[in-house]
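S.K.: Below are the chains, spelled out letter by letter.
4 protein chains.
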Amino acid sequence: MAAVDLQAVLDGIAATLAPRAAAGAGKVADYIPALARVPAAHFGIALCTRDGTQAAAGDAHQPFSIQSISKLFTLTLAMQTLEDGEIWQRIGREPSGNPFNSLVQLESERGVPRNPFINAGAIAVADRLVTHGDAKRRLLELLSGLCGETIAFDEEVAASEAATGYRNIALANFMKSFQRIDNPVEAALDMYFHQCSVAMSCAQVARAAGYLCRDGLHPLDDSSQVVTERQARRLNALMLTCGTYDAAGEFAYRIGLPCKSGVGGGIVAVVPDTLSLCVWSPGLDHSGNSALGMEALELFVGATGLSVF
Amino acid sequence: MAAVDLQAVLDGIAATLAPRAAAGAGKVADYIPALARVPAAHFGIALCTRDGTQAAAGDAHQPFSIQSISKLFTLTLAMQTLEDGEIWQRIGREPSGNPFNSLVQLESERGVPRNPFINAGAIAVADRLVTHGDAKRRLLELLSGLCGETIAFDEEVAASEAATGYRNIALANFMKSFQRIDNPVEAALDMYFHQCSVAMSCAQVARAAGYLCRDGLHPLDDSSQVVTERQARRLNALMLTCGTYDAAGEFAYRIGLPCKSGVGGGIVAVVPDTLSLCVWSPGLDHSGNSALGMEALELFVGATGLSVF
Amino acid sequence: MAAVDLQAVLDGIAATLAPRAAAGAGKVADYIPALARVPAAHFGIALCTRDGTQAAAGDAHQPFSIQSISKLFTLTLAMQTLEDGEIWQRIGREPSGNPFNSLVQLESERGVPRNPFINAGAIAVADRLVTHGDAKRRLLELLSGLCGETIAFDEEVAASEAATGYRNIALANFMKSFQRIDNPVEAALDMYFHQCSVAMSCAQVARAAGYLCRDGLHPLDDSSQVVTERQARRLNALMLTCGTYDAAGEFAYRIGLPCKSGVGGGIVAVVPDTLSLCVWSPGLDHSGNSALGMEALELFVGATGLSVF
Amino acid sequence: MAAVDLQAVLDGIAATLAPRAAAGAGKVADYIPALARVPAAHFGIALCTRDGTQAAAGDAHQPFSIQSISKLFTLTLAMQTLEDGEIWQRIGREPSGNPFNSLVQLESERGVPRNPFINAGAIAVADRLVTHGDAKRRLLELLSGLCGETIAFDEEVAASEAATGYRNIALANFMKSFQRIDNPVEAALDMYFHQCSVAMSCAQVARAAGYLCRDGLHPLDDSSQVVTERQARRLNALMLTCGTYDAAGEFAYRIGLPCKSGVGGGIVAVVPDTLSLCVWSPGLDHSGNSALGMEALELFVGATGLSVF
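Protein chains in written order, with the UniProt record's numbering: chain A, 1 to 309; chain B, 1 to 309; chain C, 1 to 309; chain D, 1 to 309.
Derived contacts from chain C toward chain B, CB cut-off under 7 Å, selection only:
1) Glu94
2) Gly97
3) Asp246
4) Glu250
5) Gly256
6) Val308
7) Phe309
Derived by calculation from the structure, the hints in this document are not laboratory data.
These numbers come from a predicted model, not from an experiment.
Note that CB positions come from ideal geometry on N, CA and C, so glycine has one too.
Chain A on its own, in the form it takes in the complex:
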């Protein structure tokens, strides 16, 4: 990989895809006004190598709503805070084979979500973080520390999510009916709706995820472990098998990297031991993943030969 000019690769990808973003590829999420009014014509990409080199192209510095990408960071926070048993007692680690907000499996599996990256699983993680106190502040501190810049919630987005999140409210109450939620449903959901509203840019997300390509080492501080090496590997494994809803197989087949996507159009990807990467384009494909984001990752893997397989 030494010979690859990563900046040139990103420039090439942006040159190829930005015009298609302008032409409106995919469909912007419209379930809340704050997301619906984001123009489709955005494309950004940024990366951060294991040794701290950064590269970026397109709208890489414009903040977007990270949405489900936050599930990666709340799970990280849970790994820092809780014993393994405390996390995995109420959440599985298997791909779900169903849409991200499905209630079907939750019924047959008695309120235990398949994995922490579907909505039900992330709400269960949020509940556990709430139990341990000050969850919203701790998440912002983690993210701000990881990228070295102040990260905040978008309160308008959080309020919209809460006002229209009937499916998530249903999921939380359903788990509560199986005694799988410790706190009042409202408290767990308040954390969940806030984490979804975090606004970050591609450059910030790529930097923040740096510990996943550094065996858990803090991206900005070589003397600090964000998580253990073993935990970092396991986060990557969960991203690869469960990080992109019911397109995880397709991502593995076509891209071959651990990824976590969000309906805001962002996707974070990790090349273990090498680099972390974030792409953003708001138009989604039918599986709810950024349409051009997925193409960008394919182009990146094709150009660099980087893949875990």
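Given chain A, work out where chains B, C and D should sit, using these hints.
M.R.: Below, chains B, C and D alone, put in the same frame as chain A:
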């Protein structure tokens, strides 16, 4: 039937089953304290013939929580208030083949409950009644008028249902996520939790259901139709196919009468053109129907030969 | 009912619906050539009262493929042959809430079909009949005895069913994998495919089903019980709750009679204690029931006031 | 990795686990006699590096029934023979979230199996291979060429699979009912039952899978590509997301390597660009994977630091 002494039949059934109620047959619903503390040792039975003759035995005059039996009366109220299309546009008329509070079918059928007698369907009916205004008052007026005595909610039960009804809150929010609920979820649920809390005795329920054996004619007023003859037949049909959760086939097979049961241990049954009947015993079987109530109905059918088949 | 001229009712229904049959209402089953080539333009109706009076109109004497109507007669044969426990140990009695040939419930319920009127349930009944010997001959004897005319299989239809019945072969093997089938799968299916191929006319079916409106008494022989009174009632109950696939609720709601339908376009209906009825028109609605057959039954109930509710 | 003595690692693992195999860890598959009589007390492990170095310990040279490991090789054969579209038109690439032999998803997804590594998917691949002719011979040629030794079917095992494979017969007929199988069901199943019966040793399987750690290059012939580099990566991706039934997430989380398991107790694993590995121990855990095999892979990853994440 003329030759049957109905009072003697009820006395015989009560003599047979009351000792078994005292011995604690079945399992009293315990999901809220107000239900859990009802002693299992109750057995009551009452009937009201087409021409107004009444008979009763056992604890036939002690009020109990009618719970899902209320679904019969709210659907009656909806039939009085709404056009057919308005009711059946968002609710089906088929047996569900799943437990009364299942979310599975609701997902694959995009928020349209299978029938008005499962929880989701009753919440959808409640929502429609709320849209038309003053739903709680109108339900009490209907019930009080039907039995000629004042009927009221048990506010303690309603509050308990609301405080612990996570599964029902999930169902309502889930339907709302498919745009199947007009009103704020809280308003539809407030009506639903109140209707479940109505307290009535066997004698009152048997009398109130009299219109179902009188082609829709008011049980206490021959000059007034509660519903049309056609609607009365259809309510009976819905009770027979959908009125007893996922034991509807078993009820039809063993008893052969339209029935609607509740987790408070009550079951109302109708012999079309002949009589209406209510039995109450708090211990439930595995399907959530009163264990001795079902036996009582079998004994009644055996003794009288009354069955629709 | 005494005043109703049943012949005139049938004539009126045929006059109303035969032109619509000629215009091609519904869609003829086309999964095998022998069914696909039946012209849609047929409409027949026939009835037989409790005391043996017959009436008929339209194509009431033309044989058609009774298909799933046979499930009623094989269950009758099983009731004659087997202990109750032997039948109901491997078959349920509840509506399925799923299409007639679904495998989903069969998996979660470990090979036990919901009821004897879905395909899996009928195959399980056929298997039991095969175990007791000479099943095909015994079915023809039963049917021939009931209508007083020789009834036979249509071997071409049976062969076509066998050659293309992949879904039924799947159902049978699936049950066998749960050890729910005694005989080689081929033997159970041979019986099943043959029973589906039986050819009878409306007049024959109406007469054959007469025991269901005579408390089990043979339609042509007052000294012989086909089944007990209790069994006859239970057959009627099963027909009402499970006899018309996933439209059982709709049939109960709109027609209110025990019915059993087949994809050949026939529907048999029973007015307990009064009469049995068969209507035939090959065009099916989306639920697999005869479109005009269902309308005919509604007209009949409207004209006569006969309904169990 | 250079510094790791791989032979010593394997010896250590065998020393740790062979006694537990002798003590009978897990449960030997018993659905056919030929598998049931294999003693649990076996443990073998073998590997083959990218440059052809081999290492082995325990029962590494004893043949066992590779069962579902064959699905990896038939998919390889399909990739050699067919256009991409021809393969993926009738088979998905997503984890199933259901047991390997489930019919549920197959019904809701209209006969299209989730991936080629569940039974239904492998039967669909077998069908395609049969269409292209001489499938059984070609599979044996592929396997024999890959390991440089003659590989054969165990005809006793194949016959037993055929005689008792009701679930697989159901799967094949079910797909056929959706027109997803080209050939007579018997022909597709004959191929499938034979591929499951292939007998190979750990050393043979590890060598045969060598192309998956060599970018598709033949393990014994540097001048020949078994599949393209891209195809090799994709096979690895499919193994990681779908190769171990509904424990794929658990394997990724704990082991982090592409794996394919079989009910004979074998598991093949790949470290891309580095080595291929096979472990065998007949006792299975509750997910149907070799209990000690999974532990062996964890020990291997722990000792060598090899993992894709």
